[in-house]
Amino acid sequence: MSNWWRSNQAIGLYLLVMIGALFAYIWLQPWAHRVMRDGFLLGMMPMMGVGLMLLCAAAMLVDPLRREMPETLADARISDAWLPLVMLAGIALCFWAMSRLGFVLAAPPFLLAFMLWFGLRPVRLAVILAVVVPAVVYAFFTTLGVRLPRGILAGFL
Amino acid sequence: MQIDAFHDALALVFTFKTLFWLVIGVFLGVGLGAIPGLTASTGIALMLPLSFTLDITGALGLLIGLYKGAVFGGSISAISFATPGAPDSAATVYDGYKLTKQGKGRKAILTALYSSVTADTASDIVVILVAPSIALMALQFGPTERLWLMVVAITLLGTLSGRHLAKGMLSAGIGLFLGTIGADPVSNVARNTFGQSWLRDGIHLVPLVIGIFAMSQMLDQGLELLRKSRTGKKVEQSAKDLFGAKSEGLSFREYLSCWREMGIGIGVGTFVGALPGLGATVASFMSYGIAKQAFPEKKIGEGSIHGIAAAEAGNNATVGPTLVPLLAFGIPGSATAALIGAALILQGITPSPRMFSLHADVIYALFIILILGNIANLGIGRAFSFLYARLGQVPGEVLVPIIMIMAVIGAFAARGDPSDVYMMLGLGFVGFLMRRVGIPEAPLVITFLIAPLLEENLRRALLINRGDWGGALFGSALGIGLAGFAVLVLLVTFKMNVGSKLARIGHAEDKKDG
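Chains E and A, in that order, are what the protein sequence lines are. If you count the first sequence from 1, position 133 lands on 132 in numbering that gives the first Met the number 0, and the numbers rise without skipping. If you count the second sequence from 1, position 329 lands on 328 in numbering that gives the first Met the number 0, and the numbers rise without skipping.
For the record, the hints were derived by calculation from the structure and aren't laboratory data. In this text, all values refer to a predicted model and were calculated from it rather than measured experimentally. Glycine residues also receive a C-beta, built at the ideal position from the N, C-alpha and C atoms. Among the clues, some could well be false.
Claimed, not checked - Partial pick of chain A residues on the chain E-facing surface, computed with a CB cut under 8 Å:
| id | residue |
| --- | --- |
| 1 | Lys97 |
| 2 | Leu224 |
| 3 | Phe428 |
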């Protein structure tokens, strides 16, 4: 029972609650019941999608694999949920900085921080890569005609 | 055959640009495949925005070259370090790594290369011969038949993509839901936007595929790296002396001695590749298993080139046939086919049976690129395999942040819209959670692509039948047959637990191998 929360049945239950809320939200929207000129209900396809998800989540509660635990969850920890969010926040911050400072200035601190965080040593190697890689990537995409954010260096690049 | 279109295709393909991007695609693909943890889907997802800047043949050259290269490239690290670059090459580890330990790494890699290219070419020829006939047949289909064909494809994908039927179908449901966000495809009325005006155009394909295939994988690998650096466990691998000058090569006689195993691989791979939902991993293990059972005297599993030939022919033979459902019906049968279909859509060409008459030059160009891709694969694989073996040693600490940055660039470069980047990050987290709980990603992306077509065909069938649902859904014998087949697939998969059995093919070999 201690590991029940990691089982397919538990996952099915979490999904059932979330998808049920989504279904209720869509059902309550006026557009969902709007009949189009061809007689088709505007909300039919979204509700079919959510309905299929709901059915599958319910099936996970009772199907023969309900007691199994996904291999990837066997050694899951709480940090598995928030560490990816921290990574995503870091990437979002990098992109935010990119749109203001430009790619060439925003990418090196991000790369350096993430390489060191992931355990790359020696630090000197991480610094060199963090400087060289964005420069190469910028040159490559510029050659191909893809414009990357130039930020405050717009006048120079 | 339309001779004019064929001439146009030759003129399109045999240009410096197209051949350059084809070679670059294969070059990147083999390297990508050789790096454990990176798959063809990740590479194509990342390269998709780049393909906008190219013309149609350049884009096809880049993506198909990358796909072919990546499927072969996976065998390099499987043979060198017993770590398959992708699951497709897991069966190659059994014999490949044993040969490497015996000092025959060069022989093993050359066997993998030659059997990959042979099987890939043979299956491409089958595609070239078969796809136009199937497309001709598909042209006779009305909206009802097309609707049910899509339902069959979604059912096959959902049921065969993993060992858990409910999770596969759940993934398809998520794709269907995401595909309905934004304006509806017939009346162009906004729906399902959660009150957000920026969602009116729907979720763009590029952030979706980059988020689901690339970012989610990088989050997963980043997490692994953080765990590894905390526990202090580091795997030190070295390719030194594995492929020294003294290492034994592969003779032509030895290559020919593998014809039976390659034949099995071609047969199994071509069939499995054309079916939606299965893919290269299943083909590789199936052909390996059949060859092992059929030829016990060849000691497959004990360090035999015949085992490598069977596994590699099996996975590479799926590359061409995976495009058959896409070209003949406009329905992608695998994640990679969906991404190639997406590239065509982004170039203004909708994959469908009508493509054979409307864009015959593009179809012929694609066929020529399929064949040329094998020649490029052979040349690049022969010249650089032994260097690529060292690429497998590039630490994840370097690769993961770089690919994360590339994912951001890819999502932004497609339309220059910052909301695409945030969308990609959000979908990356969704993909990460799906990986963690064992929900396959491929049905999501494919159903997302199919969703508007599904709605269009359903509404067209309803219009033709003046709002009569019975007539719209079951108005033809073929429609009833396809509907029955979809139900049958669901029932059989559930009763016989087919997905689980297919997933076990690989695991059984793993256990036997210890």
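Numbers of unmet hints, in rising order = 1
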